[in-house]
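Trainee: Sequence:
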Amino acid sequence: MPVIKADLKLIYRLARWVPRLLPDGRRLRPTEVVREYEKTLIDELNLLRESANAIQLRRNFEDSPMLYIPEVYPDYCSEGMMVMERIYGIPVSDVAALEKNGTNMKLLAENARAGVLHSGLRDSFFHADMHPGNIFVSYEHPENPKYIGMIAGLLAR
Numbered sequence: 083m084p085v086i087k088a089d090l091k092l093i094y095r096l097a098r099w100v101p102r103l104l105p106d107g108r109r110l111r112p113t114e115v116v117r118e119y120e121k122t123l124i125d126e127l128n129l130l131r132e133s134a135n136a137i138q139l140r141r142n143f144e145d146s147p148m149l150y151i152p153e154v155y156p157d158y159c160s161e162g163m164m165v166m167e168r169i170y171g172i173p174v175s176d177v178a179a180l181e182k183n184g185t186n187m188k189l190l191a192e193n194a195r196a197g198v199l200h201s202g203l204r205d206s207f208f209h210a211d212m213h214p215g216n217i218f219v220s221y222e223h224p225e226n227p228k229y230i231g232m233i234a235g236l237l238a239r
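Sequential numbering of the sequence shown, starting at 83, is according to this note's numbering.
Just so you know, the hints here were simulated from the structure itself, not pulled from any lab data.
Beta-carbon label-pair distances, calculated as ranges:
# : residue 1 : residue 2 : range
1 : D176      : L96       : 35 to 41 Å
2 : L103      : L127      : 27 to 33 Å
3 : K188      : E114      : 44 to 50 Å
4 : E225      : L123      : 40 to 46 Å
5 : D89       : N216      : 21 to 27 Å
6 : L199      : D125      : 23 to 29 Å
7 : R98       : L123      : 16 to 22 Å
8 : P105      : N186      : 53 to 59 Å
Cut-off 20 Å, straight-line C-alpha distance, at most; resulting in silico cross-link-like pairs (SDA-like, lysine to any residue):
#  : residue 1 : residue 2
9  : K121      : V85
10 : K228      : F143
11 : K228      : M187
12 : K182      : S220
13 : K228      : A178
14 : K188      : E225
15 : K228      : A179
16 : K228      : M148
17 : K121      : A134
18 : K87       : E114
19 : K91       : P101
20 : K87       : L123
21 : K228      : S146
22 : K228      : R140
23 : K228      : Y170
24 : K228      : V198
Cβ coordinates follow ideal geometry from the N, Cα and C atoms, glycine included.
Kindly generate the complete structure, drawing on both the sequences and the hints.
Mentor: The following block contains the structure:
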């Protein structure tokens, strides 16, 4: 955390210079932007909050045939550590491995669309950090593929 605090101090210092250097700098309200960034960053670094969000997302998709969210073990979590079930799957970015496993790619794409709509529209709660490092595909039932969503980033309402 000391490195982050030092970085934020530097960013605040730069933000105070923006109004002096740019004609529209004051209108951009750079200090307010940095303050909001700091709040978001500190929230995201609190893994107790992240754990609670992961538990909620798991509940939302509990019976889903298209997405599995690993179980979080809250008794072992703290502000600086989140402990969750170990999962095994194919990274969604490894197309060759998915094809070798016989994954139905068309259905996989349809499930991605349906999952995002389900999460955002029905639950108003979504994973906002979806990237290949957070998403795997189960080895089981490649004809009816199931995503495995790792919670290691932003969740939003």
